[in-house]
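J.: Given the sequences, and given the hints that come with them, work out the whole structure.
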Amino acid sequence: AAALDSLYARLVAAESQSGPWVSEALAGAANAAPPATAALTSPASWINGTKRVLWIKIDFADDPGAAYPDSDLQASGTAVNDFYVANSQGKTSFTFTILPEVLRMPRDKAYYSSSGSTNGELYTAARDAAKAYDAANGGTGAFDPERFDRYLILHKRIPVYLYGGVAQIGGPRVGLNNAVSAGTVAHELGHSQSLYHSHYWLPAGTTAVGAGAHVEYGDVFDIMGGGGITQHFNVAQKSKLGYLDDTGVTT
Numbered sequence: 001a002a003a004l005d006s007l008y009a010r011l012v013a014a015e016s017q018s019g020p021w022v023s024e025a026l027a028g029a030a031n032a033a034p035p036a037t038a039a040l041t042s043p044a045s046w047i048n049g050t051k052r053v054l055w056i057k058i059d060f061a062d063d064p065g066a067a068y069p070d071s072d073l074q075a076s077g078t079a080v081n082d083f084y085v086a087n088s089q090g091k092t093s094f095t096f097t098i099l100p101e102v103l104r105m106p107r108d109k110a111y112y113s114s115s116g117s118t119n120g121e122l123y124t125a126a127r128d129a130a131k132a133y134d135a136a137n138g139g140t141g142a143f144d145p146e147r148f149d150r151y152l153i154l155h156k157r158i159p160v161y162l163y164g165g166v167a168q169i170g171g172p173r174v175g176l177n178n179a180v181s182a183g184t185v186a187h188e189l190g191h192s193q194s195l196y197h198s199h200y201w202l203p204a205g206t207t208a209v210g211a212g213a214h215v216e217y218g219d220v221f222d223i224m225g226g227g228g229i230t231q232h233f234n235v236a237q238k239s240k241l242g243y244l245d246d247t248g249v250t251t
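Just so we're aligned, residue 1 is where the sequence shown starts under this note's numbering, counting upward by one.
Read the hints as simulated data drawn from the structure, not as lab findings.
Quick caveat: nothing in here was measured; it's all calculated off a predicted structure.
C-beta: ideal position from N, C-alpha, C; glycine also.
Be aware that a few hints might be false.
Stated by the list, open to error - The calculated label-pair distances, taken between Cβ atoms and stated as ranges, are:
hint : residue 1 : residue 2 : range
1    : Gly141    : Arg104    : 29 to 35 Å
2    : Asp72     : Gln168    : 19 to 25 Å
3    : Ala110    : Asp245    : 30 to 36 Å
4    : Ala142    : Ala208    : 51 to 57 Å
T.: As structure tokens, then:
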């Protein structure tokens, strides 16, 4: 009871300060500032504005054909753009281009399935194949991934790749392992925007105050955690991206 009373008093004091940084205020900061989360790795120019995204469909000699029809890619892109426009209050939007052909990879799917560490080799081959396609079709940059802000490489499932999607933090490349849902794509583009996963706090004892650990993907109310396309980025994530500043928080 005493611990709960103390926590309640500290929460009331923290909420009396402006800004979303309740956890910092609880720690005793006179002027609460952003918590010590992973540093933002990208400038505002990378995060904000209209970002051009290229879909790259790839296949294999021993498993030919696209993972999904273009209509599914188009529907996913529309939902992802709507998600980011809403989250960013119009600061970030995405436009999507689909490379017309399915690009054949230089090695069989069996080769890439031999080890989870082959994904980097696969995605480099996919990027290079897209660049070659662009060069062979006018060389205008219309399908050159390096002329886009982000590019999504989509392939049929490779079971040894233990993910639906994987992205570079603050980088342009996203790999999609037989996954095209708007929730997965928006999550991976969140990494591209410089976000890490959203967790929840698991106390070590019987009180939430004190020792504990973050649980990966634990925030079920955030798409960067366990949430889906209907779940916005949480307050800290939005603030990190510049989507939410102190004037947008009511206490």
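J.: Out of the numbered hints, which ones does the structure contradict?
T.: 1, 3
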